[in-house]
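Just need the whole structure built from these sequences, with the hints factored in.
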Amino acid sequence: MMLNLLIKSVKKNKIGISLMILCNILVTISQILWKISEVKNITFIIIGMLIYGLASFIMIIAFKYGDLSVLHPLLTLNYVFAIVLGYFLFKETITTYSIMGVITIVTGVILINIGDA
Amino acid sequence: MVINIILIILLTIFGAIGSFFLKKVSAKASSLLNILTQASLYVGAFFYLISMLIYITIFKYIPYSIALPMTSLTYVWSLMLAYFLLKEKVNKFKIFGVSLIILGTFFVSLGLNRI
Numbered sequence: 001m002m003l004n005l006l007i008k009s010v011k012k013n014k015i016g017i018s019l020m021i022l023c024n025i026l027v028t029i030s031q032i033l034w035k036i037s038e039v040k041n042i043t044f045i046i047i048g049m050l051i052y053g054l055a056s057f058i059m060i061i062a063f064k065y066g067d068l069s070v071l072h073p074l075l076t077l078n079y080v081f082a083i084v085l086g087y088f089l090f091k092e093t094i095t096t097y098s099i100m101g102v103i104t105i106v107t108g109v110i111l112i113n114i115g116d117a
Numbered sequence: 001m002v003i004n005i006i007l008i009i010l011l012t013i014f015g016a017i018g019s020f021f022l023k024k025v026s027a028k029a030s031s032l033l034n035i036l037t038q039a040s041l042y043v044g045a046f047f048y049l050i051s052m053l054i055y056i057t058i059f060k061y062i063p064y065s066i067a068l069p070m071t072s073l074t075y076v077w078s079l080m081l082a083y084f085l086l087k088e089k090v091n092k093f094k095i096f097g098v099s100l101i102i103l104g105t106f107f108v109s110l111g112l113n114r115i
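Heads up: the sequence lines are chains A and B, in that order.
Last residue of the first sequence: 117 (the working numbering), numbering continuous.
Last residue of the second sequence: 115 (the working numbering), numbering continuous.
Keep in mind that the hints were calculated from the coordinates and are not lab data.
Misleading hints may appear alongside valid ones.
Listed below are the simulated EDC-like cross-link pairs for lysine to aspartate or glutamate, each with C-alpha atoms no more than 20 Å apart in a straight line [stated by the list, open to error]:
# : chain 1 : residue 1 : chain 2 : residue 2
1 : A       : K35       : B       : E88
2 : B       : K28       : B       : E88
3 : A       : K14       : B       : E88
4 : B       : K60       : A       : E38
Structure, rendered in structure tokens:
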């Protein structure tokens, strides 16, 4: 029954959710650029800032398509992206705590969406 | 240390206020270009900037296992702003969801391979 609520809520907010995921992807890209720039490569830093600015713009558009209480917490999915990409791009180890954290965060996000149904 | 904790709470409040103003922009702007003419855009950006400046200044002095979950307090404040100022629906699910996010970021901080 909760699954039905989740599906109903996601359908209602699908534009906002999609835009927030796009926002997260852009934020993750800018974080990667800042990381590989190692504070030395100004070009990467500036491009990172521009992409971050674009991400903020996308977030404003996203906010038009859903409640603040539902869409804003979607930013926390950024931790999930960062951990996954950290593993594939930088060979960062995924620890048990990271997995627990990701599962807990995603569960929290799911509950928030169910709450909006 | 207490000052740092207070500053973190302050920066999360500013971050939530920033997102509140960005939500106002999205409600008022009639087009993409019109966004740039909204005062709320610059007010929101200002609050985000202050929040970021505080974070950059103090994050070196606080362990990640405290700093990271505390930054997720932002979503508690924005939930409250959404309920009181935007009249959005807030129920047990949303409150519990935000609590889980805070717990989750605590786990994530423990899983970081840094100090």
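Hints, one by one, checked against the model:
A threshold of 20 Å between alpha carbons decides the hint, and for A/K35 with B/E88 the separation of about 37 Å lies outside it, so the pair is violated. Proposed proximity of B/K28 and B/E88 is supported: the alpha carbons are some 17 Å apart, at most 20 Å. Between the alpha carbons of A/K14 and B/E88 the distance comes to roughly 18 Å, so the proposed pair stays at or under 20 Å and holds. The straight-line distance between the Cα atoms of B/K60 and A/E38 is roughly 17 Å, inside the 20 Å bound, and the hint therefore holds.
Hint check: a violation occurs at hint 1 only; the rest are consistent with the structure.
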